[in-house]
Structures are given as structure tokens and as C-alpha cells.
Amino acid sequence: MLVSIMIAGFGGQGVMLLGRLIGECAFEENLHVSFLPAYGPEQRGGTANCTVIVSDEEIAAPVAEELDILCAMNQPSFDKFIGKVKAGGTVYINKTLVNADKARERDVEIVEIDADNLAYQLGTVKVANIIMLAAFLATAKILNVDRAREVVLKKLGKKQELLELNRQAFQCGLEQAEKTS
Amino acid sequence: MLVSIMIAGFGGQGVMLLGRLIGECAFEENLHVSFLPAYGPEQRGGTANCTVIVSDEEIAAPVAEELDILCAMNQPSFDKFIGKVKAGGTVYINKTLVNADKARERDVEIVEIDADNLAYQLGTVKVANIIMLAAFLATAKILNVDRAREVVLKKLGKKQELLELNRQAFQCGLEQAEKTS
Amino acid sequence: MKKLYSRPESLNKSASGFCPGCMHGTITKITAQVIDELELGEKTICCLPVGCGTLGLLYWNLDLVGCAHGRAPAVATGIKRSRPQNLVFTYQGDGDLGAIGTAEIIHAANRGENFTTIFVNNSIYGMTGGQMAPTTLVGQKSTTSPTGRDPALAGYPMNISEIIASLRAPAYVARFAVNTPANINKAKAGIKKAFEIQLRNGGFTFIEILSNCPTNWGMTPLETLDFIEEQTMKQFPLGIFKEPEEEIDKC
Amino acid sequence: MKKLYSRPESLNKSASGFCPGCMHGTITKITAQVIDELELGEKTICCLPVGCGTLGLLYWNLDLVGCAHGRAPAVATGIKRSRPQNLVFTYQGDGDLGAIGTAEIIHAANRGENFTTIFVNNSIYGMTGGQMAPTTLVGQKSTTSPTGRDPALAGYPMNISEIIASLRAPAYVARFAVNTPANINKAKAGIKKAFEIQLRNGGFTFIEILSNCPTNWGMTPLETLDFIEEQTMKQFPLGIFKEPEEEIDKC
Amino acid sequence: MPKLELRTENCKSCGFCVAVCPKKVLELGEEVNKKGYHYVVAKRPEDCIGCMQCAIMCPDAIIEVYK
Amino acid sequence: MPKLELRTENCKSCGFCVAVCPKKVLELGEEVNKKGYHYVVAKRPEDCIGCMQCAIMCPDAIIEVYK
Amino acid sequence: MTRVFMKGCEAIAEAAIRGGCRFFAGYPITPQNEIPEYMSRELPRHGGVFVQGESEIASIYMVYGAAAAGNYAMTSSSSPGISLKSEGLSYLAAAKLPAVVVSVMRAGPGLGTILPAQNDYFQATKASGHGGFRTITFAPSTLQEAVDLTYQAFEYAQRDRNPVIIAIDGFLGAIMEPVVLPPFKELKEPPKWAVTGKKGKMYHIITPATANENSQQAFNLQMEKLYRRWAQEDVRVEEYRVEDAEFVFAAYGTSGRVCKSVVNALREQGVKAGLIRPITINPFPYRSFEKLDPDRVKAVIVAEMAIPPQLLYDVRVGVGRAIPITIVRASGGNIISQKEAVEKVLSLQKGEMDYEEII
Amino acid sequence: MTRVFMKGCEAIAEAAIRGGCRFFAGYPITPQNEIPEYMSRELPRHGGVFVQGESEIASIYMVYGAAAAGNYAMTSSSSPGISLKSEGLSYLAAAKLPAVVVSVMRAGPGLGTILPAQNDYFQATKASGHGGFRTITFAPSTLQEAVDLTYQAFEYAQRDRNPVIIAIDGFLGAIMEPVVLPPFKELKEPPKWAVTGKKGKMYHIITPATANENSQQAFNLQMEKLYRRWAQEDVRVEEYRVEDAEFVFAAYGTSGRVCKSVVNALREQGVKAGLIRPITINPFPYRSFEKLDPDRVKAVIVAEMAIPPQLLYDVRVGVGRAIPITIVRASGGNIISQKEAVEKVLSLQKGEMDYEEII
Ligand SMILES: Cc1ncc(C[n+]2csc(CCOP(=O)(O)OP(=O)(O)O)c2C)c(N)n1
Ligand SMILES: Cc1ncc(C[n+]2csc(CCOP(=O)(O)OP(=O)(O)O)c2C)c(N)n1
Ligand code: SF4
Ligand code: SF4
Ligand code: SF4
Ligand code: SF4
Ligand code: SF4
Ligand code: SF4
Ligand SMILES: [Mg+2]
Ligand SMILES: [Mg+2]
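Protein chains in written order, with the numbering used here: chain B, 1 to 181; chain W, 1001 to 1181; chain U, 2001 to 2251; chain F, 3001 to 3251; chain C, 4001 to 4067; chain R, 5001 to 5067; chain P, 6001 to 6359; chain S, 7001 to 7359.
If we strip away everything but chain B, and leave its shape as in the complex, we get (with noise of 0.2 Å):
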């Protein structure tokens, strides 16, 4: 087994943590990981990206030239990365954002989550990453999702205010994945 996963989107949509946690994840089931980030000058006010691998062998090249899957969380990142996935793998898209039509006829699954509005209702709109990433985490099924929700409540925070609003922006992540699935 070895899935790549590329995440994109604006530079203050928590890209790079979404990234970062199913990095974590996996490093407590013991997997391969490698978690990269991609900067650039562009950073400032531009896109953000970063791939992830997991893999039950060690990893050899910490990029991808093809992606297993794709989480697209604005159109720009979506437009410029559609085309690295391979046949049969699986776009994550931010339906608020993204508009997935171009890539309806391509042989890729897409699974669309209404993930800014959803967030919204919870309360912000900065959640929509760990909306994101749950229902990445229960229809990608890489990963343990109670394993990982543990490790994703932890890691997100001490505060309990801030642990209550993310476990019920996994939550809902989870049951929007159902939905779509």
C-alpha cells in the first residue's frame, strides 16, 4: 500500500495542519508517513499546499507525480491539481468553493462536502479543514478513524471550548461522508 494525497487551498483554510493530521494519524498506526509542505514566494496571500504519503513499506520519494487523492478546499487549487490524479483515485472537494464540473467526466471519484458552509454553521469557518479531513478519514479508509479522531482531538488543543468545536466539526465531517457515500 502507498497513497499519495495532495491538500490545497487558500493560505488561511488550515491546509497545512489538515495535512499535518492525517500525518499524525498515521504515525500512530505505526505507518509510513511523509508529510510535506510546499512554500514558495507565492505563499503570502496565494495558494497553499502539501502532500501527504502513507505507506506500509518505507518511503522512497516524498512527492508525487500522481496523486491517489486529491482535497481540493478552493476552485484555484482544484483547477491546478486535477489533473496529477490518477485514474480511479479520489477527489475531496470543498463544494462551497469548488465547482467540480471539469472533472465529471474523468475516470476520478468525487466526494463533495459542503465543508465552509457547514463550519459556518458550527460557528466559524476555520473548521472546514476538520470537517475535511473526517470525512476523508472515514471514506478513504487509510485510517482507523476512532484512532485518529483521538490523536486528531489531542493535537488540536488543550482548550475545552476549542476541543468541543472540533469534535463536532469531525463529527459532522463523518456524517456528511455517510451521506455522500
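Derived by calculation from the structure, the hints in this document are not laboratory data.
Ideal placement from N, C-alpha and C gives every residue a C-beta, glycine not left out.
Some hints could be false.
Cut-off 25 Å, straight-line C-alpha distance, at most; resulting in silico cross-link-like pairs (DSS-like, lysine-lysine) [claimed, not checked]:
no.: 1; chain 1: U; residue 1: LYS2003; chain 2: C; residue 2: LYS4024
no.: 2; chain 1: F; residue 1: LYS3013; chain 2: R; residue 2: LYS5034
no.: 3; chain 1: B; residue 1: LYS86; chain 2: P; residue 2: LYS6185
no.: 4; chain 1: F; residue 1: LYS3043; chain 2: P; residue 2: LYS6192
no.: 5; chain 1: C; residue 1: LYS4023; chain 2: U; residue 2: LYS2003
no.: 6; chain 1: R; residue 1: LYS5067; chain 2: F; residue 2: LYS3003
no.: 7; chain 1: U; residue 1: LYS2043; chain 2: U; residue 2: LYS2234
no.: 8; chain 1: R; residue 1: LYS5034; chain 2: F; residue 2: LYS3192
no.: 9; chain 1: U; residue 1: LYS2003; chain 2: C; residue 2: LYS4067
no.: 10; chain 1: U; residue 1: LYS2003; chain 2: S; residue 2: LYS7201
no.: 11; chain 1: W; residue 1: LYS1159; chain 2: F; residue 2: LYS3141
no.: 12; chain 1: S; residue 1: LYS7339; chain 2: U; residue 2: LYS2192
no.: 13; chain 1: S; residue 1: LYS7339; chain 2: W; residue 2: LYS1084
no.: 14; chain 1: R; residue 1: LYS5024; chain 2: F; residue 2: LYS3002
no.: 15; chain 1: R; residue 1: LYS5023; chain 2: F; residue 2: LYS3003
no.: 16; chain 1: B; residue 1: LYS84; chain 2: P; residue 2: LYS6192
no.: 17; chain 1: F; residue 1: LYS3013; chain 2: R; residue 2: LYS5023
no.: 18; chain 1: R; residue 1: LYS5035; chain 2: F; residue 2: LYS3013
no.: 19; chain 1: R; residue 1: LYS5003; chain 2: R; residue 2: LYS5043
no.: 20; chain 1: R; residue 1: LYS5035; chain 2: W; residue 2: LYS1084
no.: 21; chain 1: B; residue 1: LYS179; chain 2: B; residue 2: LYS126
no.: 22; chain 1: B; residue 1: LYS159; chain 2: B; residue 2: LYS141
no.: 23; chain 1: S; residue 1: LYS7007; chain 2: W; residue 2: LYS1155
no.: 24; chain 1: F; residue 1: LYS3013; chain 2: P; residue 2: LYS6199
no.: 25; chain 1: C; residue 1: LYS4043; chain 2: U; residue 2: LYS2003
Footprint (simulated), chain W over chain S, 3 or more residues, beta carbon under 8 Å [to be verified]:
no.: 26; segment: 7106-7115
no.: 27; segment: 7176-7183
no.: 28; segment: 7246-7258
Given the coordinates of chain B, assemble chains W, U, F, C, R, P and S with the ligands onto it according to the supplied hints.
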């Protein structure tokens, strides 16, 4: 013809000037010539030396492992460099400060000039180098002495007083050369 | 209708690369306005630093030279000595000018080079993500002073205008802020004065401007306005530290 | 018989490498005397510059570190922070400290590093054969200001003690000369005071000493004595620019 | 009456203009521009007195004022 | 009577000591040391008052003074 | 031994602390800011010293001072900052001072971009300053390797009294991977040669200068001897599926990882590919290339994130002219394309050989 | 054309002025002080500008500014100072700015000694800074050559918009020889790309940065193309008595001169010796070595004032492994011994071959 000459002495004895003036004279005669001052961390208050090579062909190496001519203005220089003089070579010594006994048995010609004392008599020990220069020019017979005198006096400066002193020193050197040879 | 306030010609139409509420934008804008007002667009050569000011490479509508971190004053020296007929200025941050470029700014000032330096003091390394600068305030947190600047370990903030003003050659040295419209107007007047001095070969001119870095201060843009007023200005009082004699007479 | 004046133990028996009449010798000697008097020989680490001071590598009888040109204050920072129990001082020339090393000395001073700098100001680059230094006097000739320093091209001499004293952290900043026995004794007392401040962790101390360079000034040693009195001191007045509060009380 | 021209595509929603306007003419809107910012809108243009405080304060030179 | 000890092999003939001696005890001699310098000599040692001016002034720490 | 999921720069910093580093001085520059930032947080907790230098130059000379005083000292920077440290590196070597310098390469020349690259290979291996000194230069390709080598770097530095360079590209600085951290080393007393105040009449001189031509030449010869010993004893290299390989990649760092993937992909297609991955880029594993059998190996493919190529030279020195050498490369922040590398080999197999000229 | 007897550094400075140089900034360091000193006297007489920078770094950035403004600019230094200029060299290359940098090598590493050496060969040819840029690097061996190449260096710099390095050792800087000075060039208007104030709406950007990975890679590729053109068109080399030579010396600069004497001495003894003397050490005359006939040439002898060897490396790249390579060397201020070189060849002739390993 290729003649390798080294001038060596204390820092303040004008050995660089002496070497340089030989260079200038050779230059004026359209000969190939190189003047290479040795410099280094020991220079401050230490000894100074330079290598002049005069040739009628292009000069490859501007340094000489064996010397045709050594001009030693003080004892340490004499001691240090006498070993580099070729069999059949010539050594000019500033007799005031140099005892050449060590080299008596070697196959080198020794020209002794009481340069410091003579210079002192002319008014300043500073012109000892000019006395040596003239003696060298007169005996080595590599360069035309009259043309050299012109060059030297021209290079040494415009002040009437100095000019006269240098002229005397030059003359003195010529006379000494005659005496010793 | 008459245009009362317009975007300066000496800036490109594109958006700046600065973060929301970053006063690099403000300072760039007022400098461009001065250049427009003095009709110096075709005469000006602008030397940009490494720091967020580098983003000006895509923003200014002027002849531009990107310089190495801290070395803009040396570059400007080379330019101005080669082309005394041009208006030359450097635009530098506090890391650039106050840390790595200490020698370059002090010696250009000391030589009395006839160019202008616009010094954007935001008490932090903005571009690299918020490390402590020589101008970081005592107690201010940064990524390399995680518990706040401790004078016992890192010394006190450096008042650079005061140092420059203590040299003999510089003609005009002043500190401004851009946290209110009134302060912005004063800063603009200061820049104008500096350029005018340069144009009459009056020597080195140095304009420090207190700025912000919402991103790395971890504040909203609005919060930074108060911080400047209440914290920054305590350490870095506004004022004119040196000016040509004639000007002083006029006051 | 009692020895009234002796060659200090903290110097080797060999001759120094300095030129005849060079006050590097004097300054080295009085510093060594202070170390002897305070019995600090086994505690001291001396950071030497690049310049004629480098010759001290063969002269001092102390733990020595040869530093790169201008960087002794950074080296001393690394040493003192690693070994606060030692007495650490840098010994630097005016080219070393005032030109290439401007940033290093200003920032070490500004951080308030707890070491001492002995700054030998002879208005010239001695070691390299007499080029203009930041401290070269107006009109003074050097091999790179062949017609005399022209302030229009090279600016005015930099008064470095005054700059250092304007920073908040330094504890003690003073300028001395060594052109008369009386001045030599004052300079020695100044060095002693600086070391004592350092020993009680009082912070950065800076001793500037006006010196000479007979070789590159083109003067006899005796002529340099007058030059210092009549020319150098005009530009660089002797005095204490900063001292710890307690000391001031005593005065 | 003074007129405002807002190059809102480059507005970064910093709120400086809103804060300094003595007449509360400006607000950050609901809409988002291409870069994702809730850009400035003139909510009460009729109250504008053309004092230019907003324009002077705007770091991104978004606001032009006519009279 | 004070006594001077002169490590003349390292004297560089700068003349500082000669210049500052209030009693004209010292002079630069005729003799030259190994380095080629006319080193200092105590011409009138009997006049010495042990004031140490010469020793203080000597850059090369040539002079030691006893009393 | 602690297994953690850590960011490259931070893991390197932590490994240094565990390896005994108690002094760090550095100046911010992307993409290595996490090293000084981590040090500013963590070193004080271990009784160590963090100083933010006023520049890269000041920082390396602070390290010089700390090393002279017997401390285990480190600095880090990225391309322009490493250029600025080059005088200091030369001084460390001349003064025989141990220190560890981390070079996180970004794209250049000049300000370039802050993106990962391998274009400072020559600087890290041949001319990290003036005077022709050398360093052991490690080029890890995984975080675990980076951690282990950083940890050991202090030992090498102390053993040789010479700076050690850890040369990585921005990818490795930014990546997060699981990594096992080595245990904290016990701190040692300052070595005998350090300046700590003289003992009796014996004083120490740390000097970057020599007295004359002969002492300088003696120093140079002594250093050369050290470098020869490295070449004999300290070369590290991974030879991956090289035994029967007909196409041998040469790549280090991140490019080395990418090529490992490529080798695996090619092997799956039945192509006999292999990889020589220098771990020490100085001393360079010339032997690994010298021993390649020209009758078996059809081509050596150098893969590096550098245009113009640099690793290529060392490979050419090792390989000579008996085997054709070709390149796959990228620069500016781009990474070696696995696809391009695979295709290159496939076309080489078809006999479409291009021979890379050294320029 | 004026024939004069001049000191190396001064002749180089004069040649620069005649070649159009009107801006010089530098910082004192032995053994090149006569260049700034001469410039401080002479440049103002020609309407040029001399600035004594506060450091080597400031000096090269003053040159950067002057070059950006369209002036013909130069700086000079010696080993530690060249290290300090290495960031600036990289910036010049990145910003595509022409300038001439004279490197008068002294013995190192560190402060070393102020005596002549050739131990900055790698720095002058492979890594004059970060980012993998290159320069045309001239290594004259006589004063006449130094004068002619300095004069032309400004043309090359302007043609390529790239810095040019003149790399000499301290001997050549200090020597006096007769030299013919070229005529004063007419000054040109600043080139179109220079910053002189925008014309209408067209403004110029001199930038050492690129926008992203692709523009950076494009820049790197463009530069590589330039370097390839140099390799084709700009290589300069003197092949002296090589046609029938069985023992071929490889040496540049002062060592090249010494080896010429050695070749002559050997020829007089009937030994077929020759010399390949690179005049451009970058682009390197690899071809001259590639074309040596292994059936005729019994050994290549690299002679350089550098320990460990550096030129050796390029010679090996050129020669490959078919001909044994051995070395004669010196360092620290020592010069290649003619006697040793002669004896080396004589013993090689007797079959006493020692093969020099690259380390
Ligand atoms: C030689 C060198 N060192 C470090 C850097 C990294 N660097 C880029 S910007 C910057 C500091 C910027 O801070 P400042 O000058 O205050 O400007 P700001 O971004 O705050 O406006 C640094 C250290 C670099 N590019 N080059
Ligand atoms: C990086 C570097 N630049 C330049 C030099 C050359 N250099 C040696 S000493 C010196 C100046 C010495 O002047 P100063 O510091 O005033 O000391 P002094 O000799 O006058 O006591 C210089 C420029 C050097 N060694 N290293
Ligand atoms: S990082 Fe700070 S200084 Fe830089 S643009 Fe953003 S707010 Fe402004
Ligand atoms: S050159 Fe000048 S400073 Fe140096 S030792 Fe001689 S007199 Fe003293
Ligand atoms: S011009 Fe004045 S009143 Fe009008 S919107 Fe701007 S700030 Fe408000
Ligand atoms: S000040 Fe400018 S950028 Fe900020 S909200 Fe107002 S218009 Fe937008
Ligand atoms: S001690 Fe005083 S009196 Fe005696 S020689 Fe010295 S200066 Fe003269
Ligand atoms: S002061 Fe010292 S060095 Fe000078 S002459 Fe007197 S004894 Fe000699
Ligand atoms: Mg800043
Ligand atoms: Mg000095």
C-alpha cells in the same frame, strides 16, 4: 643571456629600491626583465629581498632557484642566501655589515663594498644602496653604466639636494668597483 | 468632478503583495505620491531590500534595483556616485537596515552619500515569519524570543535614527509614523523634504517610519494602530533629529 | 632593592612585532599590567583582531584567540556566553572595529555582552600599509586618500565611543590616550575599571585609546606624540562617555 | 457631493478606512472578492464629506475621492 | 639610588624614554643591537630619581626600575 | 530512543541538542528558520545558549568563539547566508575548530527563490570558502538519516577539529516524517586545546594564521593527510540494487529518494536499474563509481536539482570515460521528475544515448 | 600603445581604466592594496569614482549599484575578502550585472599568510558563491597577459551581463615587468537595460530574485546555455611544445611560467616535455586534455601552488583514466620547485610512476 639576481638586507636598507632600479635600467635597454619583491609576515622589521631577472629572451619563471648574483646588504641575508649562488656566481656584500668569510672557499666571486661607511661619509647611510647599485652596474657589465646612471638619477627624484647626493653615491660606487676589481 | 485623492502613477495597477493592513502599503503609497508630486518618476531609482519591501519589485512603477539583504545603502552609493543626476532612495526594513546592514547604513550616512533612505521599522522580521529584530520591543514576543525580548539576553531595542543623527554628515534625520491620517501626512511631508534636500545635493537624508506587521505581531490590522501609538512610540519617539541649518532657521 | 616597575608577566619575554615607537606596545603593556595586578592571568581570554594587533599572537602570555577581521566582538560573545567565569576582552584597531566590524561591535555593545573591548584608534590601517580608516582625520593623507581625507567624498571621522555610549546597554565607555606618562596611567586605570565591571557582571565595557602609527603616518615616533595632542584629540576628545551609576555618584 | 471610487478587487479588508471615516460611510461588505476578502463598500455614500481620511489611510490605495 | 635595568636587545630606539626623562638620564647610544637599532643607554644613571616616566612610556617594556 | 513525528528542521535541531550542542547562533533565512526558532525555545531548557546574531557572519563567528571555548556549537543558514559564512568556515578550518554548519539549500543564484534546490553542491564540497580546506559534508536523504548524521556530526567535528557541514535541500528541512531520536549525550569537559584560561604558564593559542610559508605548507599538508584519511575511512554511500544494474543512477538527498522510487519502478518493468547515493558528498564515494563494470553498466544517470549540473563532475571523476554519463535534472524549486527519469532509462535502453559534456 | 615597467597590481588597475572602468570600490587587504591605492589616485583624473568601502561586502555591492547604473565597475580583493564577496558575486550573476572582480590569491585557509598561492582555484571556478552560477575566470601568467585580459574583461562582462573574475596569485600582483598598455577606450552610453530613470512608462528592474520555480529554472537554463557557449567559443589555453610531448605539464598563472622554464630545461636534456596552460580556468580547456594521445603521453604532471590539489580535479575530468596523472606542488607562499619538477619527470621516465588519487 639570463641573469638571476637577488638583493637582500634589512627592511630599511632600500633593497627593494635597489632591485627595482636594476629593473628600470634593464627595461630602458629594452631587455626582458622581471622584478619580484618578496614580501611576507616577516617584513615588519625583518629582512627584505627581491629577485631581478634580466634576459634577452622572454622570461618564463620570474624566480630563481639558483642565483647568478647575490647582493647581500646585511649578515643574516648573506647567511641565508649564499647557498643559492651558483658556482661561478658573484656575491656583492655590504662590507660594513657583512663578513663573507664563510664563502671564501666556494667558487663564487666576492665583491666587497664598504657601503654603509661610505654612505655615512657622504652624509647619510641611506644611500648605501645606490653605492651598491653603481658598484654592481660597473662590475656585472650586464647594463650600460652611463645610461643606467641617467635612469637612476631620473627615477630617484627631482629635488636638487637629493639629486646631488645620489649622483655622489653613484660615483662613489663606480669608484669602489674599480678599486675592488 | 475633480480628483481629490488618487492612486499614484508611480505604482502599478496590480495589487501589492503585502498582507492586509500592512503599512508597507501605506509607506510605499505616500512615497509614490511624493515622486508624482515632484514629477520625479523619470528621474528616480529605487533600491529595494530583502524583506517584505522586496515585494515592491512587482509594485513600483519606477526603475528598480533589488539589493541583497542589508546592502541597499552600498548599492545606492554605487548608483548615485555613477549617476548624480538621478534621485536615488533605498527602502529598507529594520532587520535589513538595523541588523545585517548596520555597517552599510552607518557608513553611507557617515560618508554623507547624497541619497535618501526610507526606513520601515516594524519591530520584527516580517518576511521570514516573525523573528526578533534589533528594534523588537522589550517583552515583545517573536519566534526567536518566544517568551518576549529579554534585555539581559538580547539587549534593548536600537534607536537607529538617533545613531544616524549623531553622525556629522547626514543632513536630515527624522522619525514618523503612519498609524493615523495626520501622521501619514506628516510622514509624506518628511519624505518630500528629504527628496528636496537630495535634489539640491544636500547630502544624506534618513526617514524612519514606524510601521506594523499584523501577520507576525498576531494582531488584527486595527489592533496594530493602537500598539504603535501606545507601545512602539514609547521606545521610538517621533521627531526630527537633525535637519539642515536653513530649515532650522525657518522653524 | 625593590622593583618599582617591571615588565608584566602576561607578556612573553620576546620582542613585540610592533614598529619602533608604536603604541600598540604601550597599550598591550598596560593591559598586561592590569591583568597582572588583578591576578587574572589564568582567567583571561584575549580575542585578537586582524590588524597590527594580530602580532599580539606572539606576544601575550595568555589564552589567545585570533579572530577574523572585524569579528572579534562576535567571537567574544561566543566565548563569554560559553564561559561566563572567564575575563574576556577584545583588542581591536580602528579599521577592524570601525569599518568592517561596525555591525559586530555595535550589536555586541547593544546586547550588553559582558566583555571588554580595547579599541586602538590610530586613524589608519596600519597593518596593510596606511590606507584611510573611518577615523582618519580630515585632511590626513593616506595611501587611499592621497590628497588628504576629503569630507565631501569620504565623510568625516567617526567618533565610535560616542556612538557606543549612545546605546543603552553598555556600562562603561571612555576614551584615553597614551602619549604621555600621565595619560598612560589614566588609560591603565580605565582598563582596570572596565575589567572590574566585567568581573562583577556589570555588562559591556569599551575603552578607546588614541594611538599612533609612526610607520604609516610618515613621522618619527616623537612627532606622533605631538600630533596626537594637537590633531587627534581635537577630533576625538578624551573623556568618560558613560559609566555605571554608582561610579558617577562617587565622582 | 463628493464621490468615492473603490478598486475593490484589490481591497484586503483591513478595515482601516472604516475605522477612520468620521461619517461612517464605509463598511466591510458581505461579498468576497477573488482573493477571498470581504471588500469595502460605501454603505452611506450620501454622508461622505470628501475628507479623504479613508483614502489617506488605505494601505492599498483602493480609494479615490472626487469632488 | 634608583637603579635601571634595560633589556636593550629589544629596544627599538624610538626615543620616548629619552624624551620624557626629567633628568636627561637616558640617551640613544652609538651601538646597534641585533635588530639594527641604536639602543638606549643610561648616560647619567647617577641623576636618576626613579620617577619611572621612562619605563611607563616605553612601548616595548625595555626598562625596569628598582629602588 | 523516542519515536516522534517531526518537522525536518526541528528534528535536526533536536538531534543536535541530543548530540551535545549547547551553543547555537544564527540569523533568520527561509527555509531554515525552524532551526533557530527551535533552538531559541529548547536550548535554554538544557542550559544551552541561543544567540540571534546580527548577521550570518556574526553568527558563525559566535560559533567560532563558542567552539574555541570548548563548547559544542552549531549554526545554520541557507544559500546566500552560507556564502556569507564562507569566510568563517575557512577560519574554523584554519583555526582547527570543531563546529557543525547546516546548509539548507534553496534555489539560486542571488536571492533566487526560497524553494528547495541542490545548487550549492560545489560550495558544500569543494569551496566552502577560500584556501582550499575541506569538510566532511553529510547529505542525508531521509529525516532519520539527517537526525543520525547531525547527532554524529559533533563527534566528527571534535575528532577532526574541523567544521562538519550537513547539506540538505529545502524539502528535507520542511518534511515531517517519523523519526527515532537518539538519547541525550553526556556533556564533556572542554577539550584540552580549548581556551579556558591558561594553566600555570601554559597558554593556548587558537589561531587562523601561520607564521610563514613553511608553517603554512606544513599545515596544508597536515590537513591533506586528514582529508586522505576521510577518503579511506569515512566515506558513506548507499548502493541500492547496483550489483547487477545496467543503468545506475547517481543522486543524493531528496533526489536520491526520488531515484530510489525510480529504480523500483524500473525494476518492476524488468529494467535492471540501480542507485549510488552518496551520503558523504565529501569525502565522495569515488570508489563506488570506479568499480562499476563498463561491460555491464550501460549508462550512469546523474540526477540532481541543479542547473548547470554539479554532482556530475564528481561522478565523471569517479566513472572516467568508459561508461556514458547522462543527466536528469531540475532546478529553481522543481524536483526531479520520476516520469522523466524512467523514460530516460527506457530510451537509453533503446540505445538513444546522449553523453553529457562537462562545461 | 605605451610600453612601461610597472608593478602587477598597478598595471592591472591601469588596464582597467583604459578598458573603460570608471568605478572602483574596494577594501584594503594584502597583497592587492596597490589596486585600490592606484585607483584612488588615478580614477578621479579620468572622471571616475573611487570609493573605499567599509568592507569587502559593501564594496562589491557598490560595484553592483554602479553596474546597475550602467557604469563599468570593478573591485578587487584577496582570499578572505573574496569569500566575503561571494554572496555579492552570486547576486551579480543573478541580477545579470557585468563587473570585473580581481582575486589575488594568498595562502590559506583562514587568515593564513599574505604570501602568494593558488588555493582559491575551486572558489574562482566552481563556487564563487551560492546557486551554481559561473563566471569567465581568467588566469594570466604574465603581466602583459594580465593587462590584456583585464582590458578585455570589461567587454566580456558587458557582452554576457555577468561578472568576470581575474584570478592571479600574489606573485603576479607584486611583480614588475615591462608591459605594453592598450589605448584608452572610448566611453559608451549606459546600456539599455541599466537603471537610469524610466523612459515614459518603461521602467527597468534589476533583480536578483525570480518569481517561482519555473522562472527560476528558466533563468538557470538560460545561464547554462551561456556557459555552454563559453565552452565552445571562449576557452583560452596555451599549448606549449605539446605536439610531440611525452610528459605534459598542466599549470596556470605563476606555476605555468615556472613549468615553461621546466619544459625548456627538460627539452634541453632531450626529454620531450610540454605544457598545457589554461588561460581561462573557467571555461576550462578540457579539450586540450581530452585530445592527448595515451599512446604517446606517458604522464600528465599537474603543478599548482595548492595543497590539497584543485586544478588536478579538472585535469582528471579532461584526461580521464587513460593517462597517469601525478602532481608537483607547493603551498603557503612557496613556489613550485623547478628542480623538483625536472626530477619528477626524470623519475617518471624511468618508470617510477605515482598515480595521484583524487580526494
Ligand atoms: C543574506 C540573507 N540573510 C537572510 C535572509 C532572509 N531574510 C529575508 S527577509 C529578512 C528580514 C526581513 O525583515 P525586515 O528587514 O525587518 O523587513 P520586513 O519584512 O519586516 O519588512 C531576512 C532575514 C536573506 N534573504 N539573505
Ligand atoms: C576580511 C579581511 N579583509 C581585509 C583584511 C586585510 N587587513 C588586515 S589588517 C587590516 C586593517 C588593519 O587596520 P586597523 O584595524 O586599524 O589595525 P592597525 O593595523 O591600524 O592596528 C586589513 C584591512 C583581512 N585580513 N581580512
Ligand atoms: S509579513 Fe508583516 S511586514 Fe510583511 S507584508 Fe505581511 S504584515 Fe507586512
Ligand atoms: S604599522 Fe603602524 S600600527 Fe602597525 S606596528 Fe607599525 S607603527 Fe604600529
Ligand atoms: S472621504 Fe471622508 S467622509 Fe468620505 S468616506 Fe472617506 S473618510 Fe468617510
Ligand atoms: S483601508 Fe483599503 S484595503 Fe483596507 S478595508 Fe479599506 S479599502 Fe480595503
Ligand atoms: S626613572 Fe625617571 S629619572 Fe630615572 S631614567 Fe627614568 S625617567 Fe629618568
Ligand atoms: S622607549 Fe623603550 S624602545 Fe624606545 S628607546 Fe626607550 S627603551 Fe628603547
Ligand atoms: Mg521588519
Ligand atoms: Mg588602525
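Results of checking the hints against the structure:
Restraint check for LYS2003 (chain U) and LYS4024 (chain C): satisfied, since their Cα atoms lie roughly 21 Å apart, inside the 25 Å limit. Between the alpha carbons of LYS3013 (chain F) and LYS5034 (chain R) the distance comes to roughly 16 Å, so the proposed pair stays at or under 25 Å and holds. For the hint pairing LYS86 (chain B) with LYS6185 (chain P), the CA-to-CA distance comes to about 47 Å; that exceeds 25 Å, so the pair is violated. Between the alpha carbons of LYS3043 (chain F) and LYS6192 (chain P) the distance comes to roughly 15 Å, so the proposed pair stays at or under 25 Å and holds.
Of the pairs offered as hints, the one joining LYS4023 (chain C) and LYS2003 (chain U) holds, with about 20 Å between alpha carbons and a cut-off of 25 Å not exceeded. Proposed proximity of LYS5067 (chain R) and LYS3003 (chain F) is supported: the alpha carbons are some 7 Å apart, at most 25 Å. Note on LYS2043 (chain U) and LYS2234 (chain U): the hinted pairing is violated, with a Cα-Cα distance of about 37 Å set against a maximum of 25 Å. Using a Cα cut-off of 25 Å, the hinted pair LYS5034 (chain R) and LYS3192 (chain F) is violated, with the two alpha carbons roughly 35 Å apart.
With a C-alpha separation of about 7 Å, the suggested pair LYS2003 (chain U) and LYS4067 (chain C) falls inside the 25 Å cut-off, and the hint holds. A threshold of 25 Å between alpha carbons decides the hint, and for LYS2003 (chain U) with LYS7201 (chain S) the separation of about 22 Å falls inside it, so the pair holds. For the given pair, LYS1159 (chain W) sits about 21 Å from LYS3141 (chain F) by alpha-carbon distance, which is consistent with the 25 Å threshold. About 71 Å separates the Cα atoms of LYS7339 (chain S) and LYS2192 (chain U), which puts this hinted pair outside 25 Å; it is violated.
Of the supplied pair hints, the one linking LYS7339 (chain S) and LYS1084 (chain W) holds, its CA atoms being roughly 13 Å apart against a limit of 25 Å. Pair hint LYS5024 (chain R) plus LYS3002 (chain F) holds up; C-alpha atoms about 23 Å apart against a cutoff of 25 Å. Our distance criterion of 25 Å between C-alpha atoms is met by LYS5023 (chain R) and LYS3003 (chain F), whose separation comes to about 20 Å. A threshold of 25 Å between alpha carbons decides the hint, and for LYS84 (chain B) with LYS6192 (chain P) the separation of about 59 Å lies outside it, so the pair is violated.
Restraint check for LYS3013 (chain F) and LYS5023 (chain R): the C-alpha separation of about 28 Å exceeds 25 Å, so the hint is violated. For the suggested pair LYS5035 (chain R) and LYS3013 (chain F), the alpha carbons sit about 16 Å apart, so the restraint of at most 25 Å is met. This hinted pair checks out: LYS5003 (chain R) and LYS5043 (chain R) have alpha carbons roughly 13 Å apart, not beyond 25 Å. Taking the CA atoms of LYS5035 (chain R) and LYS1084 (chain W), the gap is near 24 Å; set against the 25 Å cutoff, the hint holds.
Proposed proximity of LYS179 (chain B) and LYS126 (chain B) is supported: the alpha carbons are some 22 Å apart, at most 25 Å. Distance restraint check for LYS159 (chain B) and LYS141 (chain B): the Cα-Cα separation of roughly 29 Å exceeds the 25 Å cut-off, and the hinted pair is therefore not satisfied. In summary, the hint linking LYS7007 (chain S) to LYS1155 (chain W) is supported, as the alpha carbons are separated by about 15 Å, within the 25 Å threshold. Between the alpha carbons of LYS3013 (chain F) and LYS6199 (chain P) the distance comes to roughly 18 Å, so the proposed pair stays at or under 25 Å and holds.
Taking the CA atoms of LYS4043 (chain C) and LYS2003 (chain U), the gap is about 21 Å. The hint holds against a cut of 25 Å. With 3 residues bearing a CB less than 8 Å from a CB of chain W, the segment 7106-7115 of chain S meets the requirement of three and the coverage assertion stands. Remark: the segment 7176-7183 of chain S is confirmed as covered by chain W, as 3 of its residues place a Cβ nearer than 8 Å to a Cβ of that chain, reaching the required three. Under a criterion of three residues with beta carbons nearer than 8 Å to beta carbons of chain W, the stated coverage of the segment 7246-7258 of chain S is upheld, 3 such residues being counted.
In the structure shown, a violation is registered for the earlier hints numbered 3, 7, 8, 12, 16, 17, 22, in ascending order.
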